[in-house]
Each structure stands twice: as C-alpha cells, then as structure tokens.
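Novice: Sequence:
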Amino acid sequence: MKKEIKKANKEFYFISKVTIAKDVAFKYPNYWINKFTPCTLAKRLISGNSERNSMKNYGFEYKTIASKKLKKIYLIQEVQINGANVKNINIAYDKEFAYSMAYQYCKQYYKKELKVDFGNCENYDEFYSMALQNQDLLNSIIIVSEIDISSKTILPF
Numbered sequence: 001m002k003k004e005i006k007k008a009n010k011e012f013y014f015i016s017k018v019t020i021a022k023d024v025a026f027k028y029p030n031y032w033i034n035k036f037t038p039c040t041l042a043k044r045l046i047s048g049n050s051e052r053n054s055m056k057n058y059g060f061e062y063k064t065i066a067s068k069k070l071k072k073i074y075l076i077q078e079v080q081i082n083g084a085n086v087k088n089i090n091i092a093y094d095k096e097f098a099y100s101m102a103y104q105y106c107k108q109y110y111k112k113e114l115k116v117d118f119g120n121c122e123n124y125d126e127f128y129s130m131a132l133q134n135q136d137l138l139n140s141i142i143i144v145s146e147i148d149i150s151s152k153t154i155l156p157f
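So that you can map any letter, position 145 of the sequence shown is 145 in the UniProt record's numbering, and since no number is skipped, the others follow by simple counting.
Treat the hints as calculated values from the structure; they're not laboratory data.
Hints are supplied without guarantee of correctness; some may be wrong.
As the list claims (entries may be wrong) - Pairwise CB distance ranges (calculated): (1) VAL116 - LEU70: 34 to 40 angstroms; (2) GLU122 - SER145: 17 to 23 angstroms; (3) VAL116 - SER150: 36 to 42 angstroms; (4) LYS111 - LYS72: 25 to 31 angstroms; (5) SER129 - LYS87: 27 to 33 angstroms; (6) GLU122 - ASP94: 18 to 24 angstroms; (7) SER129 - VAL86: 16 to 22 angstroms; (8) LYS107 - ASP136: 20 to 26 angstroms; (9) GLU122 - ASN85: 15 to 21 angstroms; (10) LYS72 - LEU137: 29 to 35 angstroms; (11) SER150 - ASN123: 24 to 30 angstroms; (12) LYS87 - VAL116: 15 to 21 angstroms.
To be verified - Computed list of lysine-lysine pairs in DSS-like fashion (alpha-carbon distance at most 30 angstroms, straight line): (13) LYS72 - LYS95; (14) LYS111 - LYS95; (15) LYS107 - LYS95.
Ideal Cβ positions, reconstructed from N, Cα and C, are used throughout, including at glycine.
Generate coordinates for the entire structure from the input sequences, incorporating the hints supplied.
Specialist: In structure tokens, the structure reads:
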C-alpha cells in the first residue's frame with residue numbers, strides 16, 4: 001500500500017481535493033481534525049503525507065484510476081439558462097455511469113418543475129431533448145459534456 005501511494009503522484013489521477021475536503025467536513029463537522037482544516041487534510045491525503053502514509057487512518061478511501069487508461073472524462077453540469085452560470089459540476093470517468101448519474105439527477109431536479117411534465121422520460125437523452133424543447137419555461141438545464149483529456153489542444157465548450 002505504501003509503495004502505491006508513493007508512485008501515485010506520477011502514475012494516477014486523483015479525485016479532486018475539493019471532493020475530499022467536502023467529505024471530511026461532512027464526517028467531522030467541527031472542521032478541525034488533528035489541528036487541520038478539511039482542505040489542508042485533503043491535500044495531505046492526496047499527497048500521501050497523512051499519518052502513516054495511509055488515507056484509511058481517517059476513515060476515507062479513494063480509488064485511483066491509471067492515467068494511461070483514462071482518455072475521456074464526462075462533466076454533468078447544471079447550467080442556468082438565463083445567466084449561463086454553472087451551479088453544480090460532477091465528474092465521471094465512464095460514459096454509461098455519467099449518463100445514469102445524469103438521469104438520476106434529472107429525475108430529482110425536474111421533479112420540482114411544475115411547468116413542464118417530464119413524467120414519461122425514461123433516460124437522460126429524453127430528459128435533455130424535453131428540456132431543450134421547453135427551455136424558455138425552465139431555470140436550468142442538465143448537460144453532460146464529454147472531454148477528451150488525451151488531446152493536447154484545449155477546446156472551448
């Protein structure tokens with residue numbers, strides 16, 4: 001386990017430290033763990049510099065993904081239609097998982113919308129097409145974006 005953590009900085013991508021900090025803050029609501037804030041602790045957990053070089057010491061386990069296998073990431077975004085502000089962003093590494101996550105998120109989010117009936121939608125694509133047709137009645141829309149991270153050029157959304 002210790003060898004994997006030392007190699008991880010070069011060979012693996014990690015979950016963002018913001019995600020880890022949120023998890024730490026949720027698990028420990030007093031926001032101080034061994035004199036560390038959640039953000040500082042998250043940095044230490046990611047770098048492998050936590051006590052005894054183990055993320056498990058604080059009750060957290062995060063999986064890593066080999067960087068050679070990772071070619072694309074999928075962003076699930078809640079975008080406001082009026083101001084084009086992004087409210088929520090989730091990242092997935094698998095297309096099927098991203099679409100199922102977006103579908104679950106759409107079911108919860110669009111349940112609140114009383115102006116448009118999303119009752120017959122059975123997958124993310126149906127939610128997305130229905131939302132595009134009725135975007136003048138909605139505050140936000142759920143979008144799944146695919147990003148190729150193996151490319152050296154950065155494309156705008």
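Novice: For the pair supplied as a hint, LYS72 and LYS95, confirm whether the alpha-carbon distance does not exceed 30 angstroms.
Specialist: holds (9 angstroms)
Novice: Starting from the hint 17 to 23 angstroms, judge whether the C-beta atoms of GLU122 and SER145 obey it.
Specialist: Distance hint for GLU122, SER145 holds at roughly 22 angstroms.
Novice: If you check the beta carbons of LYS111 and LYS72, does the distance land in 25 to 31 angstroms?
Specialist: Given a distance of about 30 angstroms, which is inside 25 to 31 angstroms, the answer is holds.
Novice: Using the beta carbons of SER129 and LYS87, state whether their distance is inside 27 to 33 angstroms or not.
Specialist: Given a distance of about 21 angstroms, which is not inside 27 to 33 angstroms, the answer is violated.
Novice: Measuring from beta carbon to beta carbon, are LYS87 and VAL116 in 15 to 21 angstroms?
Specialist: Given range 15 to 21 angstroms: holds, Cβ gap about 18 angstroms.
Novice: Given the hint that LYS107 pairs with LYS95, test it: the Cα-Cα distance must not exceed 30 angstroms.
Specialist: Answer holds: LYS107 to LYS95 is near 18 angstroms, not above 30 angstroms.
Novice: Is the distance from the Cβ of GLU122 to the Cβ of ASN85 consistent with 15 to 21 angstroms?
Specialist: violated (29 angstroms)
Novice: That 36 to 42 angstroms hint for VAL116 and SER150 (C-beta), does it hold up?
Specialist: At roughly 38 angstroms between Cβ atoms, SER150 and VAL116 fall inside 36 to 42 angstroms, so the hint holds.
Novice: Is it true that the C-beta distance of SER150 to ASN123 lies inside 24 to 30 angstroms, as the hint says?
Specialist: holds (28 angstroms)
Novice: Take the C-beta atom of SER129 and the C-beta atom of VAL86, compute their distance, and say whether it sits inside 16 to 22 angstroms.
Specialist: holds (21 angstroms)
Novice: Is the gap between the beta carbons of GLU122 and ASP94 within 18 to 24 angstroms?
Specialist: holds (20 angstroms)
Novice: Check the following: the C-beta atoms of VAL116 and LEU70 are separated by a distance inside 34 to 40 angstroms.
Specialist: holds (36 angstroms)
Violated hints for the displayed structure, listed by number in ascending order: 5, 9.
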